[in-house]
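Enquirer: All chains should be modelled from the sequences, with the hints used to inform the complete structure.
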Amino acid sequence: MEIVMCFVIGFLFMAAVYLMLSKSLLRIIIGTGLLSHGAHLLILTMGGLGGSSPPVVAPGVTDYADPLPQALILTAIVISFGVTAFFLVLAYRSYQELETDNMNLMRGTEDHD
Amino acid sequence: MSFVYFIFIPMIAALLIPFLYKKVCGIHTGWFVLVIPVVLFGLYTTLLSNVQHGESVTSSFEWIPSLNISFVSYIDGLSLLFSLLITGIGALVVLYSIYYLDKTREQLHNFYVYLMLFMTAMLGVVQSDHLISLYFFWELTSISSFLLIGYWYKRDRSRFGALKSMMITVFGGLMMLGGFVLLSIMGDTYSIRELIAIAPELANHEWFVWSLILVLLGAFTKSAQFPFYIWLPDAMEAPTPVSAYLHSATMVKAGLYLVARFTPIFASSEWWIWLVTGIGLLTLFWGSFFALKQTDLKGILAFSTVSQLGLIMSLLGAGAISFHTGIEDNSIFKYAAFAAIFHLVNHATFKGCLFMIAGIIDHETGTRDIRKLGGLMSIMPITFTIAMIGSFSMAGLPPFNGFLSKEMFLTGMLSIPDFDFFAFDTWGILFPIIAWIASVFTFVYSFYFVFRTFTGTYKPDFLPKKAHEAPFGMLISPAILGLLVVAIFFIPNIIADILIKPAVAAIQPYLYSSPEEIDIHVSAWHGWASPELWMTIGIIVIGFLLYWTLSKWQPMFEKIPKWFSLNRIYDKLMDLSETGTHRFSSLYMTGYMRSYLIYMFTAIVVLTISTVFIKDAFDISFAMLAPIHLYELVIVLVLVAGTITVLTAKSRLTSIIALGSVGYSVALFFVIFNAPDLALTQLVIETVSVALFLLAFYHLPKLNRHENRMKFRLGNALVAFGVGAMVTIVALSAHSNKLVRSISSYYEDTVYSEAGGGNIVNVILVDYRGFDTLFEITVLALASLGIIGMIKLRLSKKKEVNRNENK
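Chains as they are written, first to last, in the numbering used here: chain A, -12 to 100; chain B, 961 to 1767.
Do not take every clue at face value.
Claimed, not checked - Below 30 Å or equal to it, Euclidean Cα-Cα: the simulated DSSO-like pairs (lysine-lysine) are:
1. B:Lys1253 x B:Lys1114
2. B:Lys1063 x B:Lys983
3. B:Lys1332 x B:Lys1253
4. A:Lys10 x B:Lys1610
5. B:Lys1419 x B:Lys1332
6. B:Lys1671 x A:Lys10
7. A:Lys10 x B:Lys1752
8. B:Lys982 x B:Lys1063
None of these hints come from the bench; they were simulated from the model.
Expert: Structure (structure tokens):
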């Protein structure tokens, strides 16, 4: 399964990078969303997908899924959510102020000073 | 007495000068400053007798003891000679500047602060025995010279000249630092004396030639040697006392000092002898030839300085030959070092004097253009007399000191072909020929300088001011120097015993154990049989003929094409560094975020993938894999389909929904792979995120609300594919090379017994690794505060409102 997941994650990364290279601000943020999904799945996969039961202590169970990557991913999810929310509001504000979501139009010019 | 502290006296005095300038308005600030060089000169003369017997005076104080860096003042013949020149001519220049600079119109405090700073720097350069402190003072001379050249900072030409000299001398200074560092690594010491003591070992080191060339670059740039002389003519925008002091007598001789000081270390190398002698001679010829093209008095003097510095440089190179031949037949090359030092002293006297004359003419007539001047002899008789003494000495005529040193120069050059090392016996014959031609030109421009200015017709209409004789005070300094010029001719051997022999002994420490052993006697008369006499007669005859026909052939200089000039190369270089680098940076700094992202991604991909393949790290192992189930594959398909929809969606709404589906399938993965907490969090957060995306989407400005599919771009696709491939390759290789077991069994074993919990993930988050959680909370708090700030704060709007109200 891990090998399949490696390819899925690679695909997610590819899609994310492709979106981040586009000129629409919203697509760039969607790209970062895909990128964080890819990263989270990568952490999970690298921790190993074995284990027959969730990491909650239960009598008679010995084969838990690895809890450490899960804790790391949980932290990462929350942080990426905070950053994504911030970026979205930033994008929303820049729509309001600059009236564009085209990255090429937001480019600074030579004689901005 | 600790002489190392005396170096800093001018610098400390410089701190007081602005106060004196502000408080004591009635008296010209220069009078207070004058005390310093005079006192220092007196102090250094007390060392003359010590040095004459071959003793040296050393004192030091520690600067950075842990790095073995200290200020060491080492005064031997060479250092003392330079120290006396610096303080002596410094005193005369300060005296001259008192009359030259007006106390009401000029920023005198600036001038004297820079000048005193420069004096400290020069004293430091010539007395330092420590390579790093030598470099420190060396750069201080560059900086203070920059300030002095740009003294009239409102003029464009001053700023240009200051910048040019700064660029060139600092370039050389940095090269020199490189040479010093190499030397100190090779010799494992910073002390020049210790390096001299182990010079034969250094010569075999592989870096020896590199350090030699780097040190020479420093010396050549500072001493205005070919092709670095170009800053000197432009430095003539400085006030004339500065030109007289820095650009004739002291700073430009720092390079000569450096060559003389390092001769015992480097003289064993063929490179040293060829470079120093050859470049010196080339500079001598080039400078003397182009001096005749100049129409500005100070321009002529600048080129003549360049040329005379070349002369001294070539003599120092020839003096280095004495390290190679046996004691019997090298007597002639000892002459070269002696002549170099002797001419150095002579040049300082007559060139300082001539610069002051040029300043007087400028001051009294308002112009330095030689085409407007003429017939000043009867108006300014004293000035004329002094100018004639200086010029004739420069031309090498008796009874002035230039004659003596020129004779010795010719002697040294004539004996170079006798030297049968390093191909000197074949090419050496060129040396006396070039030297002789250059001397002829020297003669011509000396005459050109003095007679075009003082004889001929007086042209009062061209002169901005009515010409009259200079005030007495202004004439004192050039008169003293003029007297020295004559005096040295008549008493050369006294000067030689006191000053020059100790200096020569410092340059050639292997040959003499004390200065008294040097058996050179200067004589003005060599007898009819000597070739030098006939060469001098030739110089005078040919030079006189050339001067006589000057107006016929001087226009030839105009025919030299404009591009054939080193200034042009310098300008091009500066232009290239400005526009070229600007063009280069605007080439890749496009301002588009896409370009920068492409650079970053490409760099990461290329570096990572090539590392993986170069190190042969790619590996796939099929051991220890989890089994594949059908529903897992279904979710994979859903996720991939969602991602493709995101990529190809026409409307933004579709892509946001598709992103949501990707997020939910990730949550499903978490469910399948036994991560209930993750699944929970992922579901909630994906929901909130999608809501936020929709919010941002809803508020799109109306004018841009046309929907279109993302255009396919091959470049983007390639980069994206590269990143995806890189991630897959790295993930596969990393997964296949697990080196150590997970530490999670510890958590599983102790979660209940140590932490009293059952949910291992939650216990890790709040107990084992609680700090992470604390700061993750902080991140969320900051993000929410930031969002509030962005939405609530409207500074730019408020400003606009205010502006409208004001209207």
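Enquirer: Compare the structure with each hint and give your call.
Expert: So, going through the hints one by one against the coordinates:
{"no.": "1", "hint": "B:Lys1253 x B:Lys1114", "verdict": "28 Å, holds"}
{"no.": "2", "hint": "B:Lys1063 x B:Lys983", "verdict": "13 Å, holds"}
{"no.": "3", "hint": "B:Lys1332 x B:Lys1253", "verdict": "16 Å, holds"}
{"no.": "4", "hint": "A:Lys10 x B:Lys1610", "verdict": "15 Å, holds"}
{"no.": "5", "hint": "B:Lys1419 x B:Lys1332", "verdict": "7 Å, holds"}
{"no.": "6", "hint": "B:Lys1671 x A:Lys10", "verdict": "10 Å, holds"}
{"no.": "7", "hint": "A:Lys10 x B:Lys1752", "verdict": "28 Å, holds"}
{"no.": "8", "hint": "B:Lys982 x B:Lys1063", "verdict": "12 Å, holds"}
Violated hints: none; the structure is consistent with every hint.
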